[in-house]
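J.: Here is what each chain is made of, one letter per residue.
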Amino acid sequence: MTDPAVRVDTTSQVPPYEQIRAQLAALIRTGRLVEGERLPTVRQLAADLGLAPGTVARAYRELEAGELIRTRRGAGTRVAALPTGPRTHDPDQLTTLARDFTSAARALGADTEDILTAVREAMA
Amino acid sequence: MLDSAPLPYRLLEHADHVARWSGLAVGVVVAQVVSTLGDGDVEFEQRVVFCITAFGLCAVAGVLLADALTLRPQEAVRTASLAPRLVRDHVPPRMGPLIALQGVSLVALLVITAATASVDPDRVLSTGKVVHITCNGMRASLGPWPGLYYSLPMFGALAIATPTCAWALRRIAHGPGGDQQRRDRAWAVTGAWGLLVSSQQLYAVLMISVALTETGCAGVVGALTFWVFYPLALLNLFTVVWSLVTVVAPRAVEDEKSLDDTAAFDSTANLDDTAALDDERAAEGTLRR
Chain L
563 MTDPAVRVDT TSQVPPYEQI RAQLAALIRT GRLVEGERLP TVRQLAADLG LAPGTVARAY
623 RELEAGELIR TRRGAGTRVA ALPTGPRTHD PDQLTTLARD FTSAARALGA DTEDILTAVR
683 EAMA
Chain U
264 MLDSAPLPYR LLEHADHVAR WSGLAVGVVV AQVVSTLGDG DVEFEQRVVF CITAFGLCAV
324 AGVLLADALT LRPQEAVRTA SLAPRLVRDH VPPRMGPLIA LQGVSLVALL VITAATASVD
384 PDRVLSTGKV VHITCNGMRA SLGPWPGLYY SLPMFGALAI ATPTCAWALR RIAHGPGGDQ
444 QRRDRAWAVT GAWGLLVSSQ QLYAVLMISV ALTETGCAGV VGALTFWVFY PLALLNLFTV
504 VWSLVTVVAP RAVEDEKSLD DTAAFDSTAN LDDTAALDDE RAAEGTLRR
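From first to last, the protein sequence lines stand for chains L and U. Mind the numbering: the first sequence is residues 563 to 686 in the working numbering, read in order. Mind the numbering: the second sequence is residues 264 to 552 in the working numbering, read in order.
Simulated from the structure, these hints should not be mistaken for lab results. Just so you know, even glycine gets a beta-carbon here, dropped at the ideal spot from N, CA and C. Take the hints with a grain of salt, since some may be wrong.
Claimed, not checked - Derived CB-CB ranges, DEER-like: (1) L:E626 - U:L497: 22 to 32 Å; (2) U:Y493 - L:R594: 51 to 61 Å; (3) L:G638 - U:L497: 35 to 45 Å; (4) L:T572 - U:P494: 51 to 61 Å; (5) U:R386 - L:R632: 53 to 63 Å.
Using the sequences provided together with the hints, build the complete structure.
T.: As structure tokens, then:
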């Protein structure tokens, strides 16, 4: 199985920190990143994505504020335990995910019908 | 693969090699210049220490320059793996710890020789190049002995190169570039530091061995030279050669882990090839039908 990855589209209207935050949040909520799993350092992720470290640090700060990750000095950044209780989805996050998916699908050459078919099949 | 890479990447791929080789070439020139400095005023042994130190530092500077020539991602859409990269995964698995151990033993050796050297308290920096021993009731001076007079430039070079190389390894592990590129650079940095450490230790050990075997009082000292310092000199000679080859061509040296990685890559490639062949055959079959 391949390692999970994040993808940043620098031409997107969505700021890069928000793209990173939304993708990491989705990976954590869907269980692809499990509790205690170590995340790359801010410097590593920023270098790989060709972004300023402050951009990645902002995404990490927001995830920390959302209690999805925890950072301890010397222990790095790890995935936190998912909050218990009823889960409500964040409409903004859903919009971001949908926008990211559709732009990636269009980049592959898929039209609207192909995208909707793929979504229906994935949900079936 | 390189032929399909964008031009800046192709140019920097070569600039990377050139920077490393330039470090060594400049090191040879600087060592040559240093060897002729202050003829008569500076002792031969002192000049050798300066030459080794200057060459090692230039080698380190060359690999650091090569590391600085890494391009940041330029594409509009960029992808990054979420697997954390650790420094220890990028250094040579067997030679890395060995070279680190040599660094520690070099510092320990130089501290011991500095402490045992005969120093004139009024002229600390210009003395400490011999050791006084009592042999058969006679007091004798043995030298050249790597006391502070000789070891001070070595300590200075280690104080500069060690944190710089550690910082460079951290930067490489967490920095941009492909896995192979990161591996090459981390190995070159390890090699450059190894070159500095092992050449200095080799010379210090040779000085100690010559000084200790100079005396007629062999006994324990002779046994120590035979069983400790000669094998240590051989080990350092091996590390010097390994480090030099690693700086010049990091891909020329292999070890167990890398071979395992290559085998895994080869088997994956074979599987891919087999799958591609099956697809091709299936396609041919479909066409025939």
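J.: Go through the numbered hints given earlier and state which of them the structure violates, listing their numbers in rising order.
T.: 1
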